[in-house]
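Trainee: The primary structure of each chain is shown beneath.
Protein chains: 2
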Amino acid sequence: MKTIGHIGEDALISRLLELVPTTHPALHTGPGDDCAVAEASRHEWQLLKTDAIVENVHFTAEASMRRVGWKAIARVISDIAAMGGRPQWFLVTIGMPKDYELEKIEQLYLGMADCLNKYGGVICGGESTRVSAEAGLVISIAATGMVKKRRLLLRSTAQRGDDIYVTGRLGGSLAGRHLDITPRLCEAHWLAAGRFATAMMDLSDGLAKDLPRLAGASGLGFCIDPARLPCHDNCSSEQALGDGEDYELLFTVNPRKTQRLAARWPEHFPDVPLACIGTMVASGEGMVLSGGWDHFR
Amino acid sequence: MKTIGHIGEDALISRLLELVPTTHPALHTGPGDDCAVAEASRHEWQLLKTDAIVENVHFTAEASMRRVGWKAIARVISDIAAMGGRPQWFLVTIGMPKDYELEKIEQLYLGMADCLNKYGGVICGGESTRVSAEAGLVISIAATGMVKKRRLLLRSTAQRGDDIYVTGRLGGSLAGRHLDITPRLCEAHWLAAGRFATAMMDLSDGLAKDLPRLAGASGLGFCIDPARLPCHDNCSSEQALGDGEDYELLFTVNPRKTQRLAARWPEHFPDVPLACIGTMVASGEGMVLSGGWDHFR
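As given, the protein sequences belong to chains A and B, one line each in that order.
Mapping of the first sequence onto my numbering: position 9 corresponds to residue 38, and the numbering continues sequentially without gaps.
Mapping of the second sequence onto my numbering: position 226 corresponds to residue 255, and the numbering continues sequentially without gaps.
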């Protein structure tokens with residue numbers, strides 16, 4: 030019997046998506062980017078995203094539920110931001126064992142409210158269902174966002190020769206930082222408005238997993254200098270590559286704009302490091318990275 | 030320690046929704062109806078819905094996964110139909126144990142495709158995550174739909190004196206029929222286009238649970254005649270009231286239109302029974318129903 034553990038997450042998804050309808054004239058970008066992109070009006074795209082976090086996979090039973098609630102919403106806002114968009118409508122699905130403590134669920138919702146009140150977005154509906162006692166809490170968040178058409182940023186539009194940038198610091202998220210994500214909403218809008226980035230995504234599964242995805246979507250390869258990785262304190266470059274759950278922005282910039290970017294970024298975001306870590310190269314050239322997060326390996 | 034089992038699903042949801050932002054000028058209807066309703070354009074509303082089904086709660090491990098996939102999508106289309114809308118974009122979240130059989134997940138997706146190909150709708154994205162082996166499969170579907178503004182049907186707009194109708198037959202779904210839902214998409218559009226219904230919803234938790242919700246949303250009471258309930262073969266009126274998972278339409282009609290409805294319905298839907306089961310009355314009058322499906326009781 031072949032199980033999903035045998036083939037891994039990315040192969041599973043592409044195999045399943047061949048079985049279902051995924052294209053439509055009004056769907057600009059379907060599965061494969063941070064969000065789906067659909068026609069909304071003459072000047073705007075609607076972004077659509079779903080994301081789930083599960084007890085004992087993404088957080089422990091001992092975690093502060095208020096921080097878990099924050100994380101659940103912040104992960105989705107990070108994806109919407111990475112496309113250049115603003116969060117709009119949120120649908121919250123909670124699977125809970127029957128004897129789950131009411132106080133903990135209330136803390137979860139207060140954490141979601143903290144994040145929505147800070148970055149925008151409204152809960153317009155939801156679903157609650159029972160799961161088995163052993164399953165623990167399952168939280169699935171679906172959301173929409175809006176982006177002006179000329180500000181949309183995809184994974185698939187990097188150009189050969191572009192420089193590769195990341196915001197913030199990477200690695201070591203499991204020490205606890207993964208619950209205190211800062212979605213890079215302002216930074217992403219500034220990059221989109223200034224037309225700095227040629228392609229962008231957020232780092233959720235680790236640079237070693239996500240950079241090959243951006244490169245693959247753009248039909249390119251990449252070359253990075255591990256010494257230039259902006260590692261968190263006490264983190265190795267290996268951890269910065271593979272730990273995942275950084276929720277920083279990964280983006281590419283035409284070399285003609287890198288000087289202006291380097292000059293203006295610190296004026297706007299003095300507290301957010303910005304690192305140029307490498308260059309996009311032709312497909313088949315450059316390097317191969319392995320590691321990063323896979324749910325089923 | 031107070032658990033969610035103590036307070037029940039409806040009380041839990043209203044308590045949680047007080048903690049989070051749920052209102053916005055562009056949000057016509059937030060949590061509480063079959064779908065949320067948000068401004069899309071001058072003439073259209075966007076509908077937003079999320080729904081989940083869980084192994085050992087909504088289906089057994091022995092169920093045909095193709096039928097489970099059909100059910101997962103059909104439940105959401107039923108909600109979109111009940112507002113007068115058409116399905117549009119779908120986001121699919123699957124929580125699976127690591128050793129889950131690949132063949133079963135593929136069957137699940139084929140069942141989703143069956144339903145999407147029949148009723149419309151496209152999968153634009155999704156999420157896969159690991160859950161514990163004991164949890165079994167968790168499937169969460171979020172979707173959007175569109176409805177012309179003049180065709181929107183809510184739960185909250187029934188009028189005192191309206192007649193109460195249900196489509197199809199009720200009860201006994203657990204015998205297996207709950208996996209072969211027929212979303213009443215054509216019927217709902219015909220009712221909306223002909224301006225027959227004053228209020229509408231779909232029956233998911235059983236008439237005993239859902240009719241009080243429609244009446245409550247409309248600020249009214251109701252009176253029904255159990256002898257007029259359209260029961261499935263070998264089902265009592267108690268089962269028709271309480272079993273749930275019927276996915277038929279429940280709607281109210283101004284008495285001036287009931288004659289025209291009774292005359293024209295059989296011409297358009299000769300195979301779908303239509304039953305007038307009672308009348309909307311003032312709040313505090315009429316009857317009280319108990320029973321129906323609650324995930325946490």
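One should not assume that every hint holds.
Since the list gives no way to pick one copy over another, a pair counts as held whenever it fits inside one copy or between any two copies.
[To be verified] The calculated DSS-like cross-link candidates involving lysine-lysine, where the alpha carbons are at most 27 Å apart (straight line), are:
#1 Lys-178 - Lys-133
#2 Lys-133 - Lys-31
#3 Lys-177 - Lys-286
#4 Lys-31 - Lys-147
For the record, the hints were derived by calculation from the structure and aren't laboratory data.
Trainee: None of the hints should be skipped; say for each whether it holds.
Mentor: We went through each hint and held it up to the structure:
1. Lys-178 - Lys-133: neither (40 Å within a copy, 39 Å between copies)
2. Lys-133 - Lys-31: This pair counts as between: shortest inter-copy Cα distance 10 Å, intra-copy 38 Å.
3. Lys-177 - Lys-286: within (22 Å within a copy, 45 Å between copies)
4. Lys-31 - Lys-147: neither (45 Å within a copy, 30 Å between copies)
The structure shown violates the earlier hints numbered 1, 4.
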